[in-house]
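Please model the complete structure; the sequences and the hints are all you need to start from.
Numbering (the UniProt record's numbering), first residue to last: 1 to 148.
Misleading hints may appear alongside valid ones.
To be verified - Each computed DSSO-like pair below joins lysine-lysine, with the alpha-carbon atoms no more than 30 angstroms apart:
| hint | residue 1 | residue 2 |
| --- | --- | --- |
| 1 | Lys-133 | Lys-59 |
| 2 | Lys-43 | Lys-133 |
| 3 | Lys-40 | Lys-59 |
| 4 | Lys-117 | Lys-43 |
| 5 | Lys-63 | Lys-83 |
| 6 | Lys-87 | Lys-61 |
| 7 | Lys-87 | Lys-59 |
| 8 | Lys-142 | Lys-40 |
| 9 | Lys-87 | Lys-63 |
| 10 | Lys-65 | Lys-87 |
| 11 | Lys-43 | Lys-59 |
Please keep in mind that the hints were generated in silico from the structure rather than gathered at the bench.
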Amino acid sequence: MASIMQRRMIRAADPTHKKLSKEDEQAAEEVEVRREDQDKINKFSRLHQRELAMEEELKLKNKEKEELVDLSTELELADEDEKIQFKVGDAFFHVPLEEAQEMLEQAMMRIDDETRKLEESASTVRDEMQQLKVELYARFGKQINLET
1 MASIMQRRMI RAADPTHKKL SKEDEQAAEE VEVRREDQDK INKFSRLHQR
51 ELAMEEELKL KNKEKEELVD LSTELELADE DEKIQFKVGD AFFHVPLEEA
101 QEMLEQAMMR IDDETRKLEE SASTVRDEMQ QLKVELYARF GKQINLET
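Right, dumping it as C-alpha coordinates:
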(Lines of atoms letter the chains of each structure in order from A and count residues from 1; the text may use other names and numbers.)
(Lines give C-alpha, C1' and ligand atoms only; values in the text may rest on other atoms or scores of the structure.)
Protein backbone atom coordinates (compact mmCIF):
# COMPACT_ATOMS: atom_id res chain seq x y z
CA MET A 1 0.00 0.00 0.00
CA ALA A 2 1.48 3.36 -1.03
CA SER A 3 1.94 5.83 1.76
CA ILE A 4 0.70 9.39 1.53
CA MET A 5 4.28 10.57 1.08
CA GLN A 6 4.86 8.18 -1.82
CA ARG A 7 1.68 9.39 -3.53
CA ARG A 8 2.84 12.97 -3.12
CA MET A 9 6.22 12.03 -4.60
CA ILE A 10 4.48 10.51 -7.60
CA ARG A 11 2.48 13.68 -8.11
CA ALA A 12 5.54 15.87 -7.55
CA ALA A 13 7.40 14.13 -10.40
CA ASP A 14 5.76 16.53 -12.83
CA PRO A 15 5.65 20.25 -11.98
CA THR A 16 2.51 20.71 -14.13
CA HIS A 17 0.64 18.06 -12.13
CA LYS A 18 -3.12 18.37 -12.13
CA LYS A 19 -4.63 17.18 -8.86
CA LEU A 20 -7.20 14.41 -8.80
CA SER A 21 -10.62 15.20 -7.45
CA LYS A 22 -11.40 13.82 -4.00
CA GLU A 23 -13.72 11.23 -5.54
CA ASP A 24 -11.10 10.05 -8.06
CA GLU A 25 -8.45 9.85 -5.36
CA GLN A 26 -10.68 7.83 -3.05
CA ALA A 27 -11.90 5.59 -5.88
CA ALA A 28 -8.39 4.89 -7.13
CA GLU A 29 -7.00 1.56 -6.09
CA GLU A 30 -3.92 1.89 -3.90
CA VAL A 31 -0.83 0.72 -5.78
CA GLU A 32 2.42 0.25 -3.95
CA VAL A 33 5.28 2.35 -5.27
CA ARG A 34 8.25 0.09 -5.80
CA ARG A 35 11.83 1.28 -6.04
CA GLU A 36 11.88 0.64 -9.80
CA ASP A 37 8.67 2.69 -10.16
CA GLN A 38 10.22 5.59 -8.27
CA ASP A 39 13.33 5.34 -10.45
CA LYS A 40 11.13 5.56 -13.56
CA ILE A 41 9.29 8.57 -12.15
CA ASN A 42 12.58 10.28 -11.35
CA LYS A 43 13.93 9.49 -14.81
CA PHE A 44 10.79 10.92 -16.41
CA SER A 45 11.21 14.10 -14.40
CA ARG A 46 14.87 14.47 -15.44
CA LEU A 47 13.98 13.83 -19.08
CA HIS A 48 11.21 16.41 -18.90
CA GLN A 49 13.61 19.02 -17.53
CA ARG A 50 16.13 18.14 -20.26
CA GLU A 51 13.42 18.48 -22.91
CA LEU A 52 12.48 21.94 -21.62
CA ALA A 53 16.14 23.01 -21.70
CA MET A 54 16.51 21.70 -25.26
CA GLU A 55 13.40 23.55 -26.39
CA GLU A 56 14.80 26.78 -24.90
CA GLU A 57 18.11 26.20 -26.64
CA LEU A 58 16.31 25.52 -29.94
CA LYS A 59 14.48 28.83 -29.61
CA LEU A 60 17.81 30.60 -29.13
CA LYS A 61 19.36 28.81 -32.12
CA ASN A 62 16.40 29.72 -34.33
CA LYS A 63 16.63 33.35 -33.23
CA GLU A 64 20.36 33.36 -33.98
CA LYS A 65 19.65 31.81 -37.40
CA GLU A 66 17.10 34.54 -38.17
CA GLU A 67 19.66 37.19 -37.21
CA LEU A 68 22.23 35.59 -39.50
CA VAL A 69 19.74 35.55 -42.38
CA ASP A 70 19.00 39.23 -41.78
CA LEU A 71 22.72 39.95 -41.71
CA SER A 72 23.18 38.07 -44.96
CA THR A 73 20.55 40.26 -46.58
CA GLU A 74 22.32 43.37 -45.28
CA LEU A 75 25.65 42.18 -46.66
CA GLU A 76 24.12 41.72 -50.11
CA LEU A 77 23.41 45.46 -50.12
CA ALA A 78 26.94 46.46 -49.05
CA ASP A 79 29.59 47.83 -51.44
CA GLU A 80 32.15 45.28 -52.61
CA ASP A 81 35.06 47.59 -51.68
CA GLU A 82 33.74 48.12 -48.17
CA LYS A 83 35.42 46.48 -45.18
CA ILE A 84 32.96 44.75 -42.88
CA GLN A 85 33.32 44.48 -39.12
CA PHE A 86 32.99 40.81 -38.29
CA LYS A 87 32.82 39.53 -34.73
CA VAL A 88 35.10 36.63 -33.87
CA GLY A 89 34.87 35.69 -30.21
CA ASP A 90 34.87 38.95 -28.26
CA ALA A 91 36.69 41.02 -30.89
CA PHE A 92 35.67 42.67 -34.15
CA PHE A 93 37.87 42.45 -37.25
CA HIS A 94 37.67 44.41 -40.48
CA VAL A 95 37.38 41.90 -43.31
CA PRO A 96 36.57 42.21 -47.01
CA LEU A 97 32.92 41.73 -47.99
CA GLU A 98 33.54 38.39 -49.73
CA GLU A 99 35.35 36.96 -46.69
CA ALA A 100 32.58 38.20 -44.38
CA GLN A 101 29.99 36.45 -46.56
CA GLU A 102 31.98 33.20 -46.44
CA MET A 103 32.32 33.42 -42.65
CA LEU A 104 28.61 34.13 -42.38
CA GLU A 105 27.80 31.10 -44.53
CA GLN A 106 29.97 28.92 -42.28
CA ALA A 107 28.21 30.28 -39.19
CA MET A 108 24.83 29.49 -40.74
CA MET A 109 25.93 25.94 -41.58
CA ARG A 110 27.19 25.50 -38.01
CA ILE A 111 23.86 26.72 -36.59
CA ASP A 112 21.93 24.39 -38.92
CA ASP A 113 24.06 21.44 -37.81
CA GLU A 114 23.66 22.29 -34.12
CA THR A 115 19.91 22.71 -34.57
CA ARG A 116 19.59 19.37 -36.33
CA LYS A 117 21.54 17.59 -33.57
CA LEU A 118 19.47 19.30 -30.89
CA GLU A 119 16.21 18.31 -32.60
CA GLU A 120 17.41 14.69 -32.85
CA SER A 121 18.30 14.68 -29.15
CA ALA A 122 14.94 16.20 -28.23
CA SER A 123 13.17 13.57 -30.30
CA THR A 124 15.07 10.80 -28.51
CA VAL A 125 14.16 12.32 -25.14
CA ARG A 126 10.48 12.55 -26.14
CA ASP A 127 10.52 8.89 -27.22
CA GLU A 128 12.00 7.84 -23.87
CA MET A 129 9.42 9.94 -22.03
CA GLN A 130 6.61 8.36 -24.04
CA GLN A 131 7.84 4.86 -23.19
CA LEU A 132 8.03 5.76 -19.48
CA LYS A 133 4.51 7.23 -19.65
CA VAL A 134 3.16 3.99 -21.08
CA GLU A 135 4.85 1.93 -18.36
CA LEU A 136 3.87 4.21 -15.49
CA TYR A 137 0.26 4.73 -16.60
CA ALA A 138 -0.07 0.96 -17.02
CA ARG A 139 1.06 0.53 -13.42
CA PHE A 140 -0.63 3.51 -11.70
CA GLY A 141 -3.53 4.50 -13.94
CA LYS A 142 -5.18 7.70 -12.74
CA GLN A 143 -3.01 7.85 -9.63
CA ILE A 144 -0.22 9.48 -11.59
CA ASN A 145 -0.17 12.44 -13.95
CA LEU A 146 2.69 12.70 -16.40
CA GLU A 147 1.16 15.16 -18.85
CA THR A 148 3.60 17.87 -19.80
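Each hint, compared with the structure:
no. : hint                : result
1   : Lys-133 with Lys-59 : holds, 26 angstroms
2   : Lys-43 with Lys-133 : holds, 11 angstroms
3   : Lys-40 with Lys-59  : holds, 28 angstroms
4   : Lys-117 with Lys-43 : holds, 22 angstroms
5   : Lys-63 with Lys-83  : holds, 26 angstroms
6   : Lys-87 with Lys-61  : holds, 17 angstroms
7   : Lys-87 with Lys-59  : holds, 22 angstroms
8   : Lys-142 with Lys-40 : holds, 16 angstroms
9   : Lys-87 with Lys-63  : holds, 17 angstroms
10  : Lys-65 with Lys-87  : holds, 15 angstroms
11  : Lys-43 with Lys-59  : holds, 24 angstroms
The structure shown violates none of the earlier numbered hints.
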